[in-house]
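Asks: Using the supplied hints, reconstruct the complex from the two chains, each of which is provided in its own coordinate frame.
One letter stands for each residue in the lines below.
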Amino acid sequence: MTDKIKKIIPVGYKPEKELWIYCSVILMAILRSLFYFISYYSAYNNMFHDYGDKMVLIENITMVDFCNIIADGTFDVFKVAIFIFLAMIGVNYGYHYRDSKSIYTMRRLPNKYELHIRCIALPLTAIIISIILSFALLMVFYCHYMTVTPDELLLPAQWEKLWDYIIYGGNR
Amino acid sequence: MIEIKNVTKKYSGKTALDDISISFPRGEIVGLFGENGAGKTTLMKSILGFIKYSGEITLDGEKITNKNIAKISFATSEHSFFFELNAKGHKEFYKSHFNTFNEKRFDALMDFFELDKNKKTKNFSTGQKNQFEVILALSQGADYILMDEPFAGNDIFNREDFYKVLSGILEPNETVILSTHLIEEVSEFIGRAVLIHGGHIVGDKNILELQDEGSNLVEYIKSTYNYHSDRVSKAIELLSGEEE
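One line per chain: the protein sequences are A and B, in this order. Residues 1 to 172 (my numbering) make up the first sequence, in order. Residues 173 to 416 (my numbering) make up the second sequence, in order.
These are computed hints drawn from the structure, not numbers from a lab. We put the CB at the ideal spot given by N, CA and C, even for glycine. Fair warning: there could be bad hints in the mix.
[What the hints assert, rightly or not] Which bits of chain A does chain B cover? Going by a derived footprint, with three or more residues having C-beta under 8 Å, they are:
id : stretch
1  : 11 to 17
2  : 111 to 120
[Claimed, not checked] Label-pair restraints from in silico Cβ distances:
id : chain 1 : residue 1 : chain 2 : residue 2 : range
3  : A       : TYR97     : B       : ASN295    : 14 to 24 Å
4  : B       : LYS289    : A       : HIS116    : 55 to 65 Å
5  : B       : ASN295    : A       : ALA71     : 44 to 54 Å
6  : A       : ILE21     : B       : ILE194    : 31 to 41 Å
7  : A       : ALA87     : B       : GLN383    : 25 to 35 Å
8  : A       : TYR97     : B       : ILE194    : 22 to 32 Å
9  : B       : SER339    : A       : TRP20     : 25 to 35 Å
One chain only, chain B, in its complex shape (with noise of 0.2 Å):
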């Protein structure tokens, strides 16, 4: 379990995490979802230690350092591989690094989204450049698999191609953090939503939960955050009117 506890992150006066505490338990598939600058990236940051945060990180009871990073693998937007390396290389890579590498699992998703493995990541279009950073999050063997914005330029069949493969081939144990905006797409993948404004938790809930109580991640969202679904309507209205 990822626990986190009393977490707050500060940049240069600005609160970009506040006194956060959340837990994340082992075999979930949690969506991340809150606008841009809410937290999201910060607290993923935090976990992996890039960051340096007030409170408390634990991995399985224990503090996260070298000796159980490897637990946890990542896979950002921004991507984390090495442009001058091709696809093989980074397998090589990371069989020397981390020792419950998936290797399997690399080929197989290599095969399905039939990435070349002999060309430099650099030479990915950016669509295959986000596939094959969680690719390697995925087939690292890590028990938390954090992912921010992991989908950002993929046309949406890729995604939907994602979701499916992703649901299929994830262990019970494997736990997924996913960062993402796009809300409807991840509904019917995740399991939990946690939801994050200001540097706070202003949701977190139970997508089986929500079922029961028949409403829905989309509409649990506009409510948790205040969504007034006529502020466009009444914004036309406005400029329409001016404009006579």
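The following block holds chain A by itself, in its conformation from the complex (with noise of 0.2 Å):
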């Protein structure tokens, strides 16, 4: 595994180091997301009166859109972590120039693109995993979302709402 990263990380990098930042920021942004199931239950709460001893739902009362409660935050550390991850090829290519003029011998390597696999490679597999990965999550707490939450307390066009979101960011 070292040893293919190796190869996809500027000359000189460690790769346990490398792939140690790369799974940290991934996994910081994945248990941010995990707070989405704080802000479900609350908004649930909220739907009650607490009587100490017994909880009565508030009369016509309904849950909360599922864009609204994903709206608190929950991704905002897979953006965070994707913005960090297009700094890392800037910072790639910058070891370059830094101390000694590496990106001579770079550049005249018989690979041409040597350069930009190893300055480009790992940011961007780190950029498609986190996408994939926050809209499998996104699609998990949409089930949780759907499936915990009484049909009677539902408000209608939840996934038409979601891509109005996704898409116009609420903003339509």
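Replies: Structure below.
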């Protein structure tokens, strides 16, 4: 594994350290997204009057839309992660100009793509993984929302509202 | 042969190379001389394709691309190795990218200069960094070895060692183009002197020819650049006259 990683990171970088950085950022993004459950159960509990020994559903109340729950920063760390990975591309290119001009060696290599592979491949992979993971988590949360929320408390068109939120950011 | 035809390079209006034409056949050791900003580095960077220029540069009759770039190696005082990597790592990297990498030469030179193969190159002294830079250029297995001020920061004994080693290990078909200010030191080592001034080639002479003419490299360079040996005494005279 580390031998494969070694081929797609700038020469001299430690694969273990790179993996640790990228995995930590992604892990933090995953952990932050799990706060969805706190947001969800907070919204869920807000539909009830709490009388200590019993909870009574407020009359005519409905559950907050799914898109409003995830709007509470659920995927913000994923956005930050993608920004960090984009910045890593710049850092990787910058490495070849720092202290020595290893850019001269990279530009003299028979494989003209070597420099770009080593600067872009890992951050790009991390970006793709982040997008896939965030989408997978979004689906898991959506399924949870639709399954756990009683039908009579659900507002209609959750799926359409979600896509509106994804595409227009809730500004439409 | 590296053939340079009508090469011009301008940096934001300033001409660094002005319609230069010159060729470097195989097997020559060429000294490239000129004041700072004369165009020596620009010429080397143009050959390597690091900068854009107008004109034509060919390598053994072909345009220089990634397909034949491995025939050229480069040692620079700016250093082109990876400072986070040790010498051993460099060896592996060069072996995997340059089919002609000369492992035997690399090991021999590392031993000769007593460089630690397991030490990160950023922890080398300036002199060691220069040595390592040249070792890589010599070991790549290139036919043309370009060196741009490779010994800046090395002491005299170290440099002399290098010239001796270099003379001893070079194959007859290897070409060295050496840009340096250390004229007297390299005069015994080079076979041809090329002088650049203001982006023009102002001199190109075979060292044997110079010797036949009863001259030497230093004299040749001074005469080409119109160096007036009495300029220092004149300046001192003028200054001391002012003080009085």
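Asks: Now tell me if each hint is right for this structure.
Replies: Results for each hint:
With 3 residues having a Cβ less than 8 Å from any Cβ of chain B, the stretch 11 to 17 of chain A passes the three-residue criterion, so the hint holds. Check result for the stretch 111 to 120 of chain A against chain B: holds, 3 residues qualifying (beta carbon to beta carbon below 8 Å, three or more required). For the pair A:TYR97 and B:ASN295, the supplied restraint of 14 to 24 Å holds, since their beta-carbon distance comes to about 20 Å. Against the hinted window of 55 to 65 Å, the Cβ-Cβ separation of B:LYS289 and A:HIS116 comes to about 29 Å, which falls outside the hint.
Distance hint check: the CB atoms of B:ASN295 and A:ALA71 are about 51 Å apart, consistent with the given range 44 to 54 Å. As the Cβ distance of A:ILE21 to B:ILE194 is approximately 48 Å, the hint placing it in 31 to 41 Å is violated. In this structure, A:ALA87 and B:GLN383 break the distance hint of 25 to 35 Å, their C-beta atoms being roughly 59 Å apart. At roughly 30 Å, the beta-carbon separation of A:TYR97 and B:ILE194 lies within the given 22 to 32 Å, and the hint holds.
In this structure the supplied range 25 to 35 Å is violated for B:SER339 paired with A:TRP20, their Cβ-Cβ distance being about 49 Å.
When each numbered hint is compared with the structure, violations occur for hints 4, 6, 7, 9.
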